[in-house]
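Use these hints to put chain B onto chain A, whose structure you have.
For the record, the sequence lines run as chains A and B.
Convert by adding 2 to the 1-based position in the first sequence; the result is the number in the working numbering.
Convert by adding 16 to the 1-based position in the second sequence; the result is the number in the working numbering.
Calculated directly from the structure, the hints in this document are not laboratory data.
Please note that the accuracy of each hint is not assured.
To be verified - With beta-carbon atoms standing in for the labels, derived distance ranges:
1. A/Leu159 x B/Arg52: 42 to 50 angstroms
2. A/Leu192 x B/Met78: 22 to 30 angstroms
3. B/Arg52 x A/Gln62: 19 to 27 angstroms
4. A/Leu72 x B/His43: 18 to 26 angstroms
5. A/Ser6 x B/His43: 26 to 34 angstroms
6. A/Ser49 x B/Ile119: 19 to 27 angstroms
7. B/His43 x A/Leu168: 30 to 38 angstroms
8. B/Val24 x A/Arg5: 31 to 39 angstroms
9. A/Gln131 x B/Thr48: 22 to 30 angstroms
10. B/Phe50 x A/Asn4: 26 to 34 angstroms
11. B/Leu111 x A/Leu79: 35 to 43 angstroms
Quantities reported herein were computed from a predicted structural model and do not represent experimental measurements.
Glycine included, C-beta positions come from ideal geometry on N, C-alpha and C.
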Amino acid sequence: MNRSQAFSLGLRSVMPILLGVAPFGVIYGVVALQSGIQPLAAMAMSSIVFAGSAQFLLAQLVAAGAPLLLSAGAVSLVNLRHALYSASVAPMLAHLPRRWKILLAYLLTDEAYAAAIPHLMAVKPNSPQSTHAHWILFGSGFGLWAGWQVATLAGVLAGAQLPSNLGLEFALPLTFIAIVVPMIESRALLASALVAAAAAVALAALPYKMGLFLAALAGLAVGTALTARRR
Amino acid sequence: MNIWWLMVACGVITFCIRYSFIAAEGHYQPPTWFRRLLPFVPIAALTALTAPELLLVQGEMMLGADNPRLWAGLVAIAVAAKWRNALLTIGAGFLALFAIQRI
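This is chain B alone, in the form it adopts within the complex:
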């Protein structure tokens, strides 16, 4: 199989998925529930991406002290909720991670 054909096929598919709704905008009338769905996309999608990174270690759920990413993530969540500052949140998360790994 030619790798280049495979790459082009996958590139076209990926582009079409990303272009789908952007291209269709204005050419169709979505139902009202669809528009009401959209404000939840960033939170639902990005949380779905993030939660397994914190809670799973090699596919297994780890809630104990042996999962430093979970605790560092919780520190970051608390800092983000209180100060709403991206760099502060990232800094606090890394600091917490290194501190917990030292213990």
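For reference, chain A alone in the conformation it holds in the complex:
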């Protein structure tokens, strides 16, 4: 697998996710304008912050006139789960120069990670394939970034006139199902998924998406405990 093959693999993997993300980008654009954010700032937020749910939250906080420290704290809680993705891909990016690490960290969203990770995990460490494996993550990250900018722009420009209730958002959970289910190859992985699902539903009412983060931690703990016991 050479660079361009790896890049296009990442790009292709993120395409179905873009279908689901696009409506959110459009809705974000509309919500941001309604919150009193200027079009240029609303657009800039999509590349400066570049995090879907955090951007929605920020728009609400701006509308409510929340103080800077509280807003920044809320955003860090919402994005805390990205640290898990960072830990997950870190060993695969260890050999790269710093500029690559910075670029890929900037692009490390839920969706880019989800699209790339099955392919990244299929690459054996130190194999010839692993030299260009980061191009997979770059492909999915770039694809999502570009799609998010276009969707935000559409929301800011045409917002209210665009149909937003087509049900396309459902492509997002469906794609995550398509990614996760084939990865469940052991009882420990299945237990991890079931615990994470149950905890996420039980803790969904917690503010700032803390339920998501805690549910992921619960899934990690159960999965790791089950593999540790068998050894």
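Relative to the frame of chain A, chain B by itself:
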């Protein structure tokens, strides 16, 4: 409050969270349980993202026929488990959703 300062602050925070472990790799010696944790990240994190989308309707758990996303999601899970094909899974999920909404 200046919106631009707020955006830059939140952008820096978000980047630092995403960069944290990538930057630290090679500069610290994680305990063995930490490395054993990592293979579970995709499944635990992505399932935690997905389950509420299927099971909750406006924050309430709905397990009945009035929650078409749950049943369409279950169809997608079955298709993904059997055929391991992303486009097939997404297509089947949407088809199931539209079919159930018609009933």
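Here's how the hints hold up against the structure:
Take A/Leu159 and B/Arg52: their Cβ atoms lie about 48 angstroms apart, and the range 42 to 50 angstroms holds. For the hinted restraint 22 to 30 angstroms between A/Leu192 and B/Met78, the CB-CB distance of approximately 24 angstroms keeps it satisfied. Our hint of 19 to 27 angstroms for B/Arg52 and A/Gln62 is violated, since their Cβ atoms are close to 38 angstroms apart. For the pair A/Leu72 and B/His43, the beta carbons lie near 32 angstroms from each other, so the given range of 18 to 26 angstroms is not met.
Under the hint 26 to 34 angstroms, the C-beta atoms of A/Ser6 and B/His43, about 32 angstroms apart, fit the expected range. Roughly 43 angstroms separates the CB atoms of A/Ser49 and B/Ile119, a value that falls outside the hinted 19 to 27 angstroms. Taken as a hint, the range 30 to 38 angstroms is violated for the pair B/His43 and A/Leu168, whose Cβ atoms sit roughly 47 angstroms apart. Taking the beta carbon of each, B/Val24 and A/Arg5 are about 32 angstroms apart, inside 31 to 39 angstroms as hinted.
Hint check: A/Gln131 to B/Thr48, Cβ distance near 26 angstroms, so the stated range 22 to 30 angstroms holds. A hinted range of 26 to 34 angstroms holds for the C-beta pair B/Phe50 and A/Asn4, which are about 33 angstroms apart. Our hint of 35 to 43 angstroms for B/Leu111 and A/Leu79 holds, since their Cβ atoms are close to 37 angstroms apart.
Going through the hint list in order, the structure does not satisfy hints 3, 4, 6 and 7.
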